[in-house]
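Chemist: Chains D and Z, in that order, are what the protein sequence lines are.
Residue numbering for the first sequence is -6 to 288, as defined by the working numbering.
Residue numbering for the second sequence is 22 to 258, as defined by the working numbering.
Some hints could be false.
As the list claims (entries may be wrong) - Mimicking DMTMM-like on lysine to aspartate or glutamate, the simulated pairs with C-alpha atoms at most 20 Å apart in a straight line are:
id : chain 1 : residue 1 : chain 2 : residue 2
1  : D       : 69        : D       : 246
2  : D       : 94        : D       : 265
3  : D       : 94        : D       : 83
4  : Z       : 132       : D       : 9
5  : Z       : 132       : D       : 19
6  : Z       : 110       : Z       : 130
Said to hold, decoys possible - Chain D is faced by these chain Z residues, among others (derived, beta-carbon under 10 Å):
id : residue
7  : 64
8  : 93
9  : 125
10 : 129
11 : 132
12 : 141
13 : 150
If you are wondering where the hints come from, they were derived from the structure by calculation, not from laboratory data.
Bear in mind the structure is a predicted one, so any value in this text is a computation, not a measurement.
Cβ coordinates follow ideal geometry from the N, Cα and C atoms, glycine included.
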Amino acid sequence: MATTPDNGAAGTQLLDRELSGLDHLETALPTGPSRVARVWAAAWPKLLAIALALLAWQLVVWSGWKPEYVLPGPRKVWDSFVENFGTNMDAAWTTLQRGFKGFAFALVIGTIVGALVARNRILRSAIGSLITGLQTMPSVAWFPLAILLFKLGEGAIFFVVVLGAAPSIANGLINGIDQIQPILLRAGTVLGARRWKLFRHVILPAALPSFVGGLKQGWAFAWRSLLAGELIVLIPGQFSLGQQLDANRQLNDSAGVIAVMIVILIIGILVDALLFGTAERRIRRRYGLVDTAAA
Amino acid sequence: MYGHADNAVPALDKVSLDVRRGEFVCLLGASGCGKSTLLNLVAGLDAPTAGTVEVDGRTTLMFQEAALFPWLTAQGNVELALKLQRVPKATRRARVQELLGVVHLEGFERKLPHELSGGMRQRVQLARALAQGADILLMDEPFGALDAMTRDLLHDEIERLWREQGLTILFVTHNVREAVRLGDRVVLLSSRPGRVVTEFPVGIPRPRRIESHPVADLAAVITDELREEVRRHGDDT
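Working from the sequences, and respecting the hints, build out all of it.
Modeler: Dropping the structure here:
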């Protein structure tokens, strides 16, 4: 380099050009494949897997392992799915509402508890391992107590859904806060962020990738607890997915049972992939983390 | 300054150092000399266990690397510094533009840290530090992770900013030539505990170049002294 910094405006200009030259050399970004190509690349393995699963199912039915009224083939299940679509959607709506209500409450509780435990040493040694313990506890085990406390009603289901989701959410936040690079906290302090401002502008955003992971896991637990709850706590006159499963079983309608199961599976996949998967991918991309969750 | 910090093994002991307003001082030392502790004390992040630190002015600290908030763009990082200084929203954007212009980053405002090169990230950090309106800039091995070419350019850049903005700079490095290239004075620290061993006034007129003979010659003298200091620790054990 021929330039030196102290020969006035000409030197500054030269420096400017050298810097921007280097900048452009170092930030040339490769262009990825087109959107259509990407969607297709993600879609065809899934479509193939579904086709193979349907084929295997049909083969089992054809083998005559079980009579067809016990194990119906895809065709019969499809007919039942179409026929009961309206009822199943009503039921799904009730179930989803319960799920979102419980999850929203768990989100508030889990975030507050997680933030407190992560930032307070005494609280952590007091209840840190209890949170992980609660996470491993099967939610079905809560139902006897929940029924005694809240009777056979919405309250019992809500209680168990919240208990299913909140520990995962809290743990996601705790892990996220634990993994924050100390230099980011120091940088925040140097910039003058203290207490709430440090939490709001540095700690929370820095913990976000792990927190969203916790939300995703929390939803999975909430959804499981919810379906278990709807099978155990049957509320008369209420359509819900769990109640539909039970009703179809009592009518010996296998096709109906499987159709409801497929609705449950589809909702699970949609919420997980569309809501949490998308959020997770966006965050990881923004933070410059490796995109391992390629879907 | 007179610092003495930390529990059983003091990181710093009887460090006495005066820095004049507008001076560019480079701190040089081997591992364990408490360079970072010293900067933390001056920045007010730590309190000395004994002695006093007197700072007349506002300080800011710039780190080696990865100290930008990865979820904020170049613009967002600088703007957060202004926000935390309670700069009103209306004037913030213009000030951000101005600061990124000062470090030659026009056109990269909306880039995220991981989309920028190492040298560009350090310039965003520099802009963020300037956004705090400090007149004392503490730099903790800020160019340690950069390639030689980028580092050369940033030497020119920091020298220009120092001159134009009338900053006082305390610059920690383990690169002897870098210290001679930049400093008005090079202060050599001993290790465990950190003490001031010697000071070298750098009489080489600016503009300087890191590969020039006068810089290399003085660097050789300082390097010998530094090695002598490291050798002393070999004798201890």
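Chemist: The structure should be examined with respect to each hint, and the outcome stated for every one.
Modeler: Checked hints:
1. D:69 with D:246: It holds: about 11 Å lies between the C-alpha atoms, which stays within 20 Å.
2. D:94 with D:265: OK: residue 94 (chain D) and residue 265 (chain D) at ~17 Å, within 20 Å.
3. D:94 with D:83: Cα-Cα ~17 Å, so holds.
4. Z:132 with D:9: Satisfied, since the Cα-Cα distance of roughly 19 Å is no more than 20 Å.
5. Z:132 with D:19: Measuring from Cα to Cα gives roughly 13 Å; hence the hint holds.
6. Z:110 with Z:130: The hint holds at about 17 Å.
7. 64: holds (6 Å)
8. 93: With a closest approach of 8 Å, the residue 93 (chain Z) hint holds.
9. 125: holds (5 Å)
10. 129: holds (7 Å)
11. 132: Because about 7 Å separates residue 132 (chain Z) from the closest Cβ in chain D, which is inside the 10 Å limit, the hint holds.
12. 141: Because about 6 Å separates residue 141 (chain Z) from the closest Cβ in chain D, which is inside the 10 Å limit, the hint holds.
13. 150: holds (8 Å)
Checked against the numbered hints given earlier, the structure satisfies every one of them.
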